[in-house]
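Visitor: Using the sequences and the hints given, assemble the complete structure.
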Amino acid sequence: MERKRIKASGEQNKPSIDILSDLPDDVICHILSFLPTKFSVATSILAKRWRLLWTHVPNIDIANGDFTDKNHARKSSHVLPQCLFTCKTVVNLTIHNCAGIPSSGGIYLPSLKKLGLYYVKYGTDEAILHLLSGCPMLEELIIDEIADQDLGCFNISSPTIKSLEVNFPCESFEFDNPDYRVKINAPALRYLKVYDCSCEQMSLSPLTSLIEAEIHFKYYSLEVDYSIYTRCVFKFLDSLCNVKCLKLSSSDEFIDFSKPDPYVRFQNLTELELSADWRLLVKFLECADNDPKNPMETMEKWRACLLYSLTTVIIDGFGCTEQEFNIVRFILRNARVLKRMEIHRIGSKEKFDVVEKILLFNRGSKECEIAFCYDCRRHARFRQ
Amino acid sequence: MVTTDEKGPLTAKKKSVIIRSCDGDEFLVSESAAVLSTSLKKILEEKEDRLIHLSDIDNKTLAMVIAYLSTHADDGLSDDLKRSFDQEFVSGKEFDVLKYLVLATDTLQVTCLCYTVAKKMADIMKNKLVEWVRREFDIQNDYTPEAEAEIRRLDAWAWDDRQLEDD
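For the record, the sequence lines run as chains B and G. If you're matching positions, the first sequence starts at 1 in full-length UniProt numbering and goes up one per residue. If you're matching positions, the second sequence starts at 1 in full-length UniProt numbering and goes up one per residue.
Careful, some of the hints might be misleading.
[As the list claims (entries may be wrong)] List time: in silico DSBU-like cross-link candidates among lysine-lysine, alpha-carbon distance up to 35 Å:
| id | chain 1 | residue 1 | chain 2 | residue 2 |
| --- | --- | --- | --- | --- |
| 1 | B | K48 | G | K15 |
| 2 | B | K121 | G | K93 |
| 3 | G | K47 | B | K114 |
| 4 | G | K126 | B | K88 |
| 5 | B | K48 | G | K126 |
| 6 | B | K88 | G | K42 |
| 7 | G | K119 | B | K38 |
| 8 | G | K128 | B | K48 |
Derived from the structure by calculation, the hints contain no laboratory data.
Guide: Here's what the structure looks like:
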């Protein structure tokens with residue numbers, strides 16, 4: 001790019017009148033960078049000089065619906081231009097509702113740091129693997145819905161990604177192929193978010209760097225054996241065992257509590273937000289030889305886990321059962337470094353009685369404060 | 001630590017620079033404002049000369065850039081005030097004026113202002129047709145009709161809005 005040189009005093013030049021006929025390429029690209037890619041591509045029609053100017057714009061913004069014109073039949077997603085996959089400068093790439101990721105050759109995105117794939121049609125099992133292998137600097141990856149109905153294995157593998165968000169809604173899993181699998185191999189991962197997690201289909205390689213995880217479990221599928229599903233859930237949770245901050249939610253009671261399953265011990269856990277079956281909390285922290293039918297005895301054995309690491313507990317949806325009171329009483333008594341307990345959405349009309357009862361529980365940590373909130377917007381709070 | 005105290009009044013002593021536009025007008029600018037432009041800073045570092053001639057920037061545009069630089073060099077103004085100054089600075093300006101401004105800020109390497117002006121121009125260009133851009137930037141179409149048709153065919157998706165309007 002040529003930059004006009006500024007002349008110091010002494011050189012008296014005549015005013016240049018036609019300076020605008022050649023706005024430098026980088027200035028034009030700077031302006032285009034604030035506009036949708038569709039607009040930038042359209043400018044290629046202006047003149048020969050503009051033909052490839054849009055390819056120098058450092059960001060790409062392709063929106064859902066950009067490709068649904070009548071020249072491209074709606075029955076198939078638009079095939080992305082192949083030159084996109086060898087762009088040396090693109091740092092942040094988001095693709096909606098497209099197809100055409102090459103499954104062999106032709107992918108090299110050396111600057112790409114952030115990649116978002118929304119409702120993309122991959123075509124083959126190899127496509128995602130191949131795409132990620134061509135992104136040596138990738139740090140953030142979002143995969144939201146898959147347009148394919150016939151994949152056998154979805155393999156998310158990257159040595160560099162630090163943040164991963166995946167959302168496979170239930171519909172995507174209604175494949176003919178019952179052996180469908182999602183594999184995640186990302187040793188550098190620090191943040192993981194999985195929405196509609198289907199544990200029996202998902203396998204994780206060790207995530208030793210993981211700091212924060214947010215998992216929403218999918219509805220329990222009746223076709224899968226209850227106890228096998230339970231085992232899958234714990235195997236999945238086991239691969240998150242190094243996490244410091246965990247948010248876990250489920251709309252279902254999906255655990256078979258009749259059998260003593262392997263427990264998970266989260267050694268580094270400092271923050272836990274649980275919105276699921278209460279008994280899952282027991283499963284989290286209990287020892288393998290506990291008798292799950294005797295919850296109080298189980299609780300006594302939690303101590304080692306709770307004493308020195310747990311600092312925050314957020315309870316979303318308190319049903320006021322005897323067992324729930326027992327768990328809250330136990331946590332408050334034994335968690336020695338607990339700083340804060342939040343209880344949201346108390347499921348009782350006698351809310352003040354509930355609050356009073358909980359506030360009277362002994363606390364193992366003098367610093368501990370308890371907050372109550374009656375709606376999910378988390379406004380009104382009682383503090384002590 | 002006495003030396004730094006003695007240094008205080010020295011640095012506070014205001015130095016000035018004269019900047020001359022391509023049509024000959026001269027502006028007196030404090031050095032603290034001038035050095036916000038990376039290009040001017042380099043010139044001042046290289047030369048003792050206090051007169052800088054800018055052969056590419058006209059009088060009207062230069063006055064605007066200098067107003068911007070002086071405001072941003074004013075330590076008495078809060079960041080919030082400077083931000084709202086930036087917004088008012090570009091609002092209501094003609095596209096033509098912005099074109100000269102963006103070129104001047106690029107030449108002078110005033111990154112913040114270049115960003116603000118380029119973004120304002122993009123806001124104006126949004127939802128405009130390519131033909132509007134051709135007119136505003138005064139671009140001569142040097143494609144043959146065949147070449148233009150071929151590009152429109154290859155990247156048809158970029159122009160499909162007009163086709164939809166025709167329906």
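Visitor: Give a verdict on every hint.
Guide: Okay, the hints, checked on the actual structure:
For the proposed pair B:K48 and G:K15, the alpha carbon gap of about 48 Å is over 35 Å, so the pair is violated. Proximity of B:K121 to G:K93 is assessed by CA-CA distance (about 45 Å); at most 35 Å being required, the pair is judged violated. The suggested pairing of G:K47 with B:K114 is violated, with an alpha-carbon distance near 44 Å, which exceeds 35 Å. With a CA separation close to 27 Å, the supplied pair G:K126 and B:K88 stays within the 35 Å bound.
Between B:K48 and G:K126, the direct Cα distance comes to roughly 22 Å. Compliance with the 35 Å bound is thereby established for this hinted pair. Note on B:K88 and G:K42: the hinted pairing holds, with a Cα-Cα distance of about 31 Å set against a maximum of 35 Å. The suggested pairing of G:K119 with B:K38 holds, with an alpha-carbon distance near 17 Å, which does not exceed 35 Å. At roughly 21 Å between alpha-carbon atoms, G:K128 and B:K48 fall within 35 Å of each other, so this suggested pair holds.
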